[in-house]
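K.L.:
If you read the protein sequences in the order shown, they are chains A and B.
Start counting the first sequence at 1; every next residue gets the next number (my numbering).
Start counting the second sequence at 1; every next residue gets the next number (my numbering).
Simulated from the structure, these hints should not be mistaken for lab results.
Since we're looking at a predicted model, the values are computed, not measured.
Just to be clear, a hint being listed does not mean it is correct.
[Unchecked claim] A few chain A residues that don't get close to chain B, going by computed Cβ distances all over 12 Å:
hint : residue
1    : HIS3
2    : THR14
3    : SER27
4    : TRP82
5    : ALA104
[Claimed, not checked] Examples of chain A residues toward chain B, derived with CB under 8 Å:
hint : residue
6    : LEU19
7    : VAL20
8    : PHE24
9    : ALA28
10   : LEU97
C-beta: ideal position from N, C-alpha, C; glycine also.
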Amino acid sequence: MSHRLILRLAIGLTVFLALVALAFAWSAGLRDGSLTARLETATAPVGGAPPRNEEPATPPAGIEAFEKRCARCHAADDVTAWTAKQSGNRCEALYELLQKHRKAPEPENRGIALLFDPGCSGDPHTPERSSAARPTS
Amino acid sequence: MAGFFNAIFWFVCYVVAILLPLRFAILIAPVEAGRSFLLELGVGCGLIAYPLLTFEFLLVGRLRGISQLYGNDVLMFFHKYMGIAALLFVIGHAALVSRGDLTQLNPLGGSAMLRDGNWALWLVVGIALTAVFRKALRLKYGLWMVLHSLLALGIAVFGLKHILAVHAYTARPMLQGLMVGCFLAYLLPLLRYRVWEFFSMQRKPWKVVANRDEGGRSRTLVLEPIGHAGFEFQPGQFAWLSTGRPFVSEQHPISLASSAEVASDRRIEFSIRDLGDWSGQTVPKVAPGAQIYVNGPFGGFSLDREPGQGFVLIAGGIGITPMRSMLLTMRDRGDVRPVILFYADRDSESLIHREELTRLTREMSLTLVLVLEAPPAGWTGEQGRIDAALLRRHLPVQFKRYQYFMCGPAAMMDAVEEHLATLRLPQVRVHAERFNIV
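Modelling step: build the complete structure from the supplied sequences, incorporating the hints.
P.N.:
Written as structure tokens, this is what we have:
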């Protein structure tokens with residue numbers, strides 16, 4: 001095979017890899033945006049009402065807790081998909097998973113749960129606050 | 001055709017494997033919210049650079065399947081070009097992640113993670129410079145091979161240490177596993193090459209039956225296996241030769257010069273021209289009866305792999321050796337397909353195997369075209385260099401249906417490639433084997 005053909009192939013592959021690296025950098029911004037958006041949705045008062053009997057978990061605390069405890073092994077999208085698959089009280093399932101996974105302070109679990117189920121506000125065992133049975137007011 | 005699809009398939013696998021770490025990194029959310037685009041681009045460059053670097057060895061690590069599928073020439077060039085590409089990705093990674101702050105590129109300062117990364121960076125720069133400027137730096141081939149191997153090992157080790165110490169994307173076990181996999185893709189073939197193959201060579205020694213002076217500063221070593229059956233090969237392939245024990249002596253890639261229809265004595269031959277170093281100092285002193293070590297065969301430069309109505313062989317200098325092997329094999333097989341051999345050298349004293357080649361023109365369908373740069377008085381053959389006009393004078397009407405094999409010095413090969421391109425030959429019909437490539 002011609003020397004020139006190999007050179008062209010190598011240049012083509014290098015350009016392709018450079019484009020993939022650019023796409024990776026661009027998609028990182030998108031992934032970052034989608035996580036923030038999910039966080040904002042999760043922390044917004046449900047039906048306009050503020051969460052009851054508790055300090056609202058803050059978005060940075062949720063992200064920080066997720067990054068610290070979960071992100072080493074789990075993608076955020078995977079957790080979202082897992083949460084959506086749960087039947088019944090999703091909030092309770094998520095809390096149970098977090099508690100079983102590692103002993104951690106309650107606010108940390110709450111912050112993470114908020115990221116993935118906006119219905120989780122404070123007491124995970126309150127069915128009417130889960131996303132499956134969200135109050136209208 | 002199956003070989004072509006095989007080649008495409010494995011090339012696609014190579015590209016997919018390079019992109020795997022990046023693909024998994026994309027599946028993982030960013031480590032810190034709000035990281036800049038340039039920083040992420042730098043990380044992307046790094047995630048591409050490490051697989052590129054570690055897979056470099058797969059291309060030239062004496063893996064017979066790969067060597068026969070693509071041919072040595074293709075692999076060597078691809079290795080060289082992708083090495084340069086890897087250098088660019090490594091520089092891109094360092095420049096973007098350090099945000100252009102050169103003080104962060106000190107291999108002796110900063111955190112362990114940074115130091116390891118900087119060592120890998122400067123070793124990559126070092127390996128590229130010593131490969132591109134080996135002759136200008138007057139590095140002997142044997143010494144350069146050792147240096148190249150050590151630098152590559154340093155890059156693989158420091159690169160992996162750096163990657164595993166970064167608490168970002170590669171803190172994830174899956175990505176760590178992939179990067180360790182890349183390291184193993186380098187290490188395992190290296191162990192096979194440096195330990196298993198050397199051990200195997202040592203277990204199967206060869207005896208030097210004759211060391212013939214062929215004229216033109218060239219010698220032919222005739223070897224016979226000691227206590228084993230030798231090996232089968234395709235005409236045009238090469239083997240690694242070591243005149244001392246494999247673990248301590250340098251090895252040299254040399255084309256097999258004898259017929260692939262090996263006789264019952266299992267003898268093989270190598271013709272070697274004095275190009276300085278080993279070929280000029282050691283080879284002439286190898287005495288008959290001496291023990292020698294051979295690792296082969298390798299390469300895909302063979303007419304057995306390229307069916308054609310006829311063959312055009314273009315040899316420059318000692319590049320005649322694989323052509324001799326092809327011609328002798330065709331004669332021994334009674335192959336009646338036409339062959340045109342263009343054999344170029346500086347003067348008539350430099351031509352080797354001349355009488356044998358002349359004899360072959362009577363024994364098979366061979367046309368011999370000798371081309372001399374400095375012909376003697378009364379020379380009636382071709383003179384100067386091989387160019388398009390010279391080729392046209394000797395090629396038959398149906399020349400586009402022939403397969404073309406070229407072997408010789410890089411400068412001659414580049415020029416002949418250009419001339420063949422002007423004849424509008426399909427590039428897939430042109431096969432090349434360069435020597436002294438580094």
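K.L.:
Each of the hints needs a verdict: does it hold here or not?
P.N.:
Status of the hints after comparison with the structure:
1. HIS3: 6 Å, violated
2. THR14: 4 Å, violated
3. SER27: Violated, because the least Cβ-Cβ distance between SER27(A) and chain B comes to about 6 Å, which does not exceed 12 Å.
4. TRP82: 15 Å, holds
5. ALA104: Given a closest Cβ separation of 19 Å, the condition holds.
6. LEU19: 10 Å, violated
7. VAL20: At about 6 Å, which falls below the 8 Å cut-off, the nearest Cβ of chain B leaves the hint on VAL20(A) intact, so it holds.
8. PHE24: 4 Å, holds
9. ALA28: 4 Å, holds
10. LEU97: Result: violated, 18 Å to nearest chain B Cβ.
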